[in-house]
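Q: Whenever a hint applies, use it, and build me the whole structure from the sequences.
Protein chains: 6
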Amino acid sequence: MDSFTHMNEQGRARMVDVSDKKTTRRTAVACARIRMKPETLEKIREGNVRKGDVLAVAQVAGIMAAKKTSDLIPMCHPIPLKSADIRFREEGKDTLVVEAEAKTDNVTGVEMEALTAASMAALTVYDMVKSLDRGMVIGETFLLSKTGGKSGTYRREEGTSCGGSEF
Amino acid sequence: MDSFTHMNEQGRARMVDVSDKKTTRRTAVACARIRMKPETLEKIREGNVRKGDVLAVAQVAGIMAAKKTSDLIPMCHPIPLKSADIRFREEGKDTLVVEAEAKTDNVTGVEMEALTAASMAALTVYDMVKSLDRGMVIGETFLLSKTGGKSGTYRREEGTSCGGSEF
Amino acid sequence: MDSFTHMNEQGRARMVDVSDKKTTRRTAVACARIRMKPETLEKIREGNVRKGDVLAVAQVAGIMAAKKTSDLIPMCHPIPLKSADIRFREEGKDTLVVEAEAKTDNVTGVEMEALTAASMAALTVYDMVKSLDRGMVIGETFLLSKTGGKSGTYRREEGTSCGGSEF
Amino acid sequence: MDSFTHMNEQGRARMVDVSDKKTTRRTAVACARIRMKPETLEKIREGNVRKGDVLAVAQVAGIMAAKKTSDLIPMCHPIPLKSADIRFREEGKDTLVVEAEAKTDNVTGVEMEALTAASMAALTVYDMVKSLDRGMVIGETFLLSKTGGKSGTYRREEGTSCGGSEF
Amino acid sequence: MDSFTHMNEQGRARMVDVSDKKTTRRTAVACARIRMKPETLEKIREGNVRKGDVLAVAQVAGIMAAKKTSDLIPMCHPIPLKSADIRFREEGKDTLVVEAEAKTDNVTGVEMEALTAASMAALTVYDMVKSLDRGMVIGETFLLSKTGGKSGTYRREEGTSCGGSEF
Amino acid sequence: MDSFTHMNEQGRARMVDVSDKKTTRRTAVACARIRMKPETLEKIREGNVRKGDVLAVAQVAGIMAAKKTSDLIPMCHPIPLKSADIRFREEGKDTLVVEAEAKTDNVTGVEMEALTAASMAALTVYDMVKSLDRGMVIGETFLLSKTGGKSGTYRREEGTSCGGSEF
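Residue numbers (the working numbering), protein chains in the order written: chain F, 1 to 167; chain S, 1 to 167; chain U, 1 to 167; chain X, 1 to 167; chain E, 1 to 167; chain B, 1 to 167.
Pairs involving identical chains hold if they fit within one copy or between any two copies, as the list cannot separate such chains.
Within a straight-line C-alpha distance of at most 20 Å, the following computed EDC-like cross-link-like pairs (lysine to aspartate or glutamate) qualify: (1) Lys37 with Glu157; (2) Lys21 with Asp105; (3) Lys43 with Glu9; (4) Lys22 with Asp105; (5) Lys43 with Asp133; (6) Lys150 with Asp133; (7) Lys93 with Glu39; (8) Lys43 with Glu166; (9) Lys37 with Asp133; (10) Lys37 with Glu91; (11) Lys37 with Glu90.
Quick caveat, the hints were computed from the structure, so don't treat them as lab data.
No experiment lies behind these values; they were computed from the predicted model shown.
A: Given below as structure tokens:
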């Protein structure tokens, strides 16, 4: 099963040897959605115009999580992350969209960094408003695009952003 | 806005004071789904009967992430976790379901621990098979149920498991 | 030298045995100051009325650092922190004041948690505006007060806040 | 296979549920040995009478590692460690002995904390003198004794210390 | 005492300046042994053919620990690890052998990464079967070989593997 | 507000994109002061000639904190630190001076690493002698000098050391 490159010859997981891969510029964008009651989204928006809002905390959480990716995902290589950014968008009256972007120059990609940032930012939003709306659902977390590396550019059909409009 | 208890009097985020809350038994179950190509799920299943499979790594990642929750979610309180477990289920031919359970005796709940475990286990699955199927989507991550604390028992309508059948 | 309780019988550092100390409510407030050019303080203030400002990031950094205290200070005991809060004040035209408060119910105090939160919040402010003002000085970081434990209440003469006026 | 309590009903690893175990005073002592060239041990001894010696660093490393145990050993429960101490002994002309002691009041024991402290202190010694003696062997790392919990007191036949004489 | 390069001019420990060392390919292999009752080894072997076994968890623990090495060993430099792998072997009826391999391209070597991976994998095995066999001994943890760097290749006489036969 | 480069186009904090900056040799020296009762400084000095003294622990804490900088300061980039050193000085009868130096070859500087090392070493001194002198003040923590990068060399007027005389 050569496709499962993370397996060693004993059939066990290993951190794949990437020492002979070339260093290239790598980018990745990941999206996550949080569906909530419209009034919860409204409250987040209100906080949005004040200092110390929910999204400011989620932003920091996402960026710090991106830097912890290799400490969280067992077979991930440690990466000298060169850029991390998180943007918020909205879709309809009940959906907050998290768009996380990561960049580096490295032998491995930053897909997991972007996905981890998006997921943890979404979970932080959940944590901060859960007393209002325990039924929120974090849905549709995926890789929107990546560039660099041997497998080159990947882009979902969805387009060039995570969707929705700017929050 | 009393509903946003994580705000201090300057309108900034704080770690809410829980020193006067009572210690009770707390449990939480969270679910996450990963939609993939049927052949990817098939490959995971094949690995499933061998040592060192994808799910064994995801299991460990989820449990270790549960213990890191307060280091990842900025306003989360550190918790003496007393139990953490992850089970895998499947739904249709293309969906792997992660069911994460956490338990403690504490003044705050373990919802975030269960959700973090489920999310990180799902991201670990993604990481390990992404070379086969970069378009996988992590969808529908939510709290299935919780018990304990002042707000008492919460249970989604979905029922008593994360759905699907045992993997 | 009985006063250095952190020494073992070989004259080496140890994490002091606190297993026979009583659990009491513990609080601590620590202060840190950052002296900068008046125009730098002005810029921080401007950011203050927008989302995503410098102080929102410093706030999160301080609270997360409080939770990492026992991982940073070698002989510190791990503590189930029950509350952490950071407030900002100003003094004159060039000084930002950080006031950090920590609380727990434990056999050891939370002085180091409050001091670590104040220091790391101050360093985060430095990091975010250093391109404007590399000569900033973090000065006067101290314990304002503590309560609980065998040594009881301690309070500096300075009074009941870290000084200055609300930012 | 009831003896492998760390398995869930799917045959996968879990963090065992300890929520119904009683809190008792727990202690554990672990030993590790490092065999080296006699001249290496001599050099460590010389450093021993100066500030900043090899053993001071190893001591701090061991104590900090004890606090990280549940972050290193996947199925270990997080523990409010109440005491951690490391002592050094010697055996013959070529063996340094590390003796690590941990204590808490908790539902689970501190064997892993003591063993992790002893191992990491030994590895730190290795790191600091490896340029002199790459062939050093860390040998015989074991639990000397433990007290508390349902399984009660355990003591190896070796006696009451890790052996050797005080360094 | 020029041989103790980790000392600064005050006789205190420092993280040695490696900024003028050349980047070369670095590898290291370390071994650890765990002696246990034959029936304990037998039970591990039985688990070996099922999903979620003891060794799968130890494998993940070892690889994750390799990535944490510079956070555990005070004077170790942070390293962009490019490969980490762990294999299990057995010797006689009572000894499990852990073989850990690390690789990078860097100015410093990966000996400590390989040793930390082997030690933590061994401690994880101990943790998971200690209820059956508290008297297990982790013995003989050493560097088998290393390549790269100014000091070049090092190889113990033992040969090219950690000994024993494949598990 | 181009001066606040850490803001994204939504006015939120981001980890600045440094992927197009050039790698250069970077150094930074930071200073921190701790003012205490003369008898406390005297006691630290006495410990100074024994093994396991306060400053040995503070030294290790500072160096380990330097390696954790990007985990503590939210918008800091992870850095392959190549050297970290801490020296102690004294000023008058009541002031201990911490001088921390960091070095790397990287696209971003090491100012925050040096400042974090100095601050955490100072806080560790506070922790270890606070039972004697709770009123200690950590004052005047600043960047003494830096070299490398686009902004080039920076040096405070104070001179070439953190002041005082060797401890």
